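Spelled out from the first residue to the last, the chains are:
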Amino acid sequence: MAQAVFNPSGRAASRTQTPSYGVWGLRLIALSYLVIFIAIPLFVVNVQGLRFGWDAFWRSISRTEAANAIILSVYTSAFMAVVNTVIGTLTAYVLVRYRFPGKGIFNTLVDLPFAVPTLVTGVMLVILYGPQTIIGSFLQNELGIRVLFNTPGVIIALLFVGYPFVIRTVQPVLLNMEVYQTEAAQTIGASAWTTFWRVIFPVLRPAIATGALLSFARSMGEFGSVIVVAGGRAVTGTMYIYTRVEGGDMQAASGVSMVLLLIAFGVTIAVDLLQWRRNHA
Amino acid sequence: MSIQLERVNKSYGVQPVVRDFSLEIETGELFVLLGASGSGKSTLLRMIAGLTEVDSGRILLNDQDVTHLPPQKRGTGFVFQNYSLFRHMTVAQNIGFGLSIRRTRRQVHVQRVQELLELIGLPDYGDRYPSQLSGGQQQRVALARALAYQPSVLLLDEPFGALDVKIRVQLRQNLREIHKRLGLTAILVTHDQEEAFDIADRIGIIEQGELLEVGTPSELYRRPQNLFTATFLGSTNILRARRNGKSVYVGDVSIPAPPETDHLTGQPVEVLFRPEEVELSTVRPAAQTSVIGSGTVENIAFAGPILRLSVRLASGETIQALLTPGEFRERGIEPGQEVWVSLKDYHLLPTNTAAEKTPVAVTETN
Amino acid sequence: MREIKPRTFGAWLLIGIALIYATVLFILPMIAIVQGAFANGIEPLLETLSEPSVIHAFQVTFVLSLGAVLINALLGLTTAWVLVRHRFRGRKLFDALVDIPFVFSPVIAGYAMIVLFGRDGWLAPPIFPIVFALPGILLAKTFVSLPFVTREVQPVLDSLTPEPEEAAYTIGASRWTTFRRVILPEIWTALLYGIVLTFARAVGEFGAVSVVGGNIEGYTETATSFVFRAMNDRNNVGAYGVSVLLGVFSVLILIIMNLLRRRMTQGVRDVDSA
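Chains as they are written, first to last, in my numbering: chain A, 2 to 282; chain B, 59 to 424; chain C, 5 to 278.
Pulled out of the complex, with its shape left as it was, chain A reads as follows (with noise of 0.2 Å):
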């Protein structure tokens, strides 16, 4: 998976001789090109959203409806993130540290969430969890949790979705670990468990976090899976976006459009900032 934050070492810049035109049109070709398709798009949204007014933006995020969606993709992205950091980095220390029969095919299928179109993702978990199904009908008649069209759902999807998230943040870094470290401990007596959270852990946590929070952005936005999964009680602010903007409400469309960028903005700053820190540390 790529980076979020690019930080370039400078080295080919400084070096390398540039004639004036060709800079200026490559330079152009490349700006143009992100600001066509990702600054407009950003500065429309923002724009559409304070159109009518800071009162009118305030009230169509603070009905019960919008705010309820704003509230669920929150709470359920989260709680993916948590759930996430915990998964993601025993499955990262297993990849890097043991040798087992199918490692291989493992390790290519973590990045079948990237692969796989959302929508076929939601499709998968309602034949999986509807209640026609063993593990469906299970879960509804003997525990009483009704996956489908509800927050269990889109925990699910959303779990789905952002598996390779910390996986692949953390992987890298615990593949350049140098095995001084852990093998000093080991000669100094420490146990596996200490070892790793003493010796090991500190180091990852940086990597641990830019994926927790990456997943936890990707999961805000998230629509593909949840709309196949969720409905009824369990709307998302995303899927809230779509119903409105099929609706013609473009006010309330805006408006939580807006929140959740932010959101995700926050997150992809703090992001950023933690990779700074790593870089200047």
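These aren't lab readings, by the way, just hints derived from the structure by calculation.
Only true hints are included.
The calculated lysine to aspartate or glutamate pairs, modelled on EDC-like cross-linking and capped at a C-alpha distance of 20 Å, are:
#, chain 1, residue 1, chain 2, residue 2
1, B, LYS131, C, GLU167
2, B, LYS238, B, GLU176
3, B, LYS304, B, ASP403
4, B, LYS402, B, GLU334
5, C, LYS9, A, GLU179
6, C, LYS96, A, ASP273
7, B, LYS238, B, GLU87
8, B, LYS238, B, GLU173
9, B, LYS238, B, ASP259
10, A, LYS104, C, GLU7
11, B, LYS131, B, ASP121
12, B, LYS238, B, ASP256
13, C, LYS9, A, GLU184
14, B, LYS402, B, GLU328
15, B, LYS304, B, GLU328
All values reported here derive from a predicted model rather than from experimental measurement.
Knowing the structure of chain A, use the given hints to seat chains B and C on it.
What follows is chains B and C alone, placed relative to chain A:
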């Protein structure tokens, strides 16, 4: 054909890196630019190649002003210190790159690559990749690649700096042979004084961006015109003295003044003499002409084929002397012994010649 | 960290947890959908898949995704180059822009496009419609898959030492020749990897495509939109069938990604052994 630099200047921000640098290099010469790290030598070489821009001044190759030409158009061959081979191409493809972009006919191309492989002593390595070669082999390929399209000027930026000592010596000898055979004009940049002495036709000493002195290795070693040069190249003993008439007065003792230093009459001078030019004996020498006094042997250090002795003179200064084990045994010198010190060869410099530090009696720069 | 054979109970426990979690999360749903697709047998499945609307949906999906790939490959490569090689004010800001599609909900992106290009939109196009038409879908796919090429190429580009390039210049190669023969071979694996990710993302996109395209059957309906509609119409075989097809496509993508990733890390090892 030649290389001319006219008052070349380069600064990075407020920091000048090359200052008012002027130099002429003869056709077919192997010129070595010798300087410490950060002296600006690499920057200068890169400016000749066109990889770094000149702030002011001119660079002429074969009487053509190339100062503002891009590197592609200058017709130079450049050998970097390392990592310059194209990793994804074979040795043969690397060497032939210059021919391939000049659309050389296939037969000529193949033949030339083979010639070069033989020239560098790797005739069967054409199909290997750089990652399969040792550092020394990679540098040989880099050299062949730079020579393939027959440039008029060859530029080498510390080409052996990343290699082991034995390989370094071998490769620089190979370079000298190749250079002689092809009759190129070449500039090699290095901080390794031994390397410079080994292969250079002439050496230029560069320090803090300035060209201090230019001369043959022998000239620079035996008759440096600059205190920095004297101390940079090997070990030197320096004593304060005064020159009057035909003599140089070191303290109370006088020794004959070298005739070429007549212009320094009446001035305070530095007497420079190399440790190997010091004569020590336990008996007072019959010919008194170059005796500068007596002293005590303070320390004797074993340095392989020679012995290094520190001798403390009566005047208080300590000088270094070199003796072969034979001489040492013959004269029966021991630590703490009183010896007579005389000089076989020495050189004078006026006292205020570009001395950055206060003169010391002994400097060991190796 | 060195790889070892798991010897303790604790080690196997960890491995077990990781595998079981992954199985429940991935394998079970995959089995379920394959079962669902073949529930009525192969014949009805193949029939559904050869319906004209399905075929058209796939055409729209793949052709437009390829278009998005083309745009993002060329422009993404340019952007990576500019961000690595050039120094200018605001570079960090532009660099941050590249990440936006990772966190920008596709639905919001679709919405923004409607505001811009809709009938009463700010930049409503005079000649051909963008919203509820194929150009809109192309834009949507391009947006969501934008960062991959740039982000994959950037680190590799940055890790290149200047010497081979400078050597090429002194040998007489033009900047374009040097790019083509010295730089591109070094980055093509990362570039390809980015392209594969881009393609997968574009094909799998639903939210933005749905909002902008309008899911008009036979016209702007993509493969994913088809699945959505099929689910709502209780066309299980259709929904599951197309899903499985898309799933197979995903697995192929995964395999290619894995091959490329192994090739990328291999290259690094070669250099170190010199």
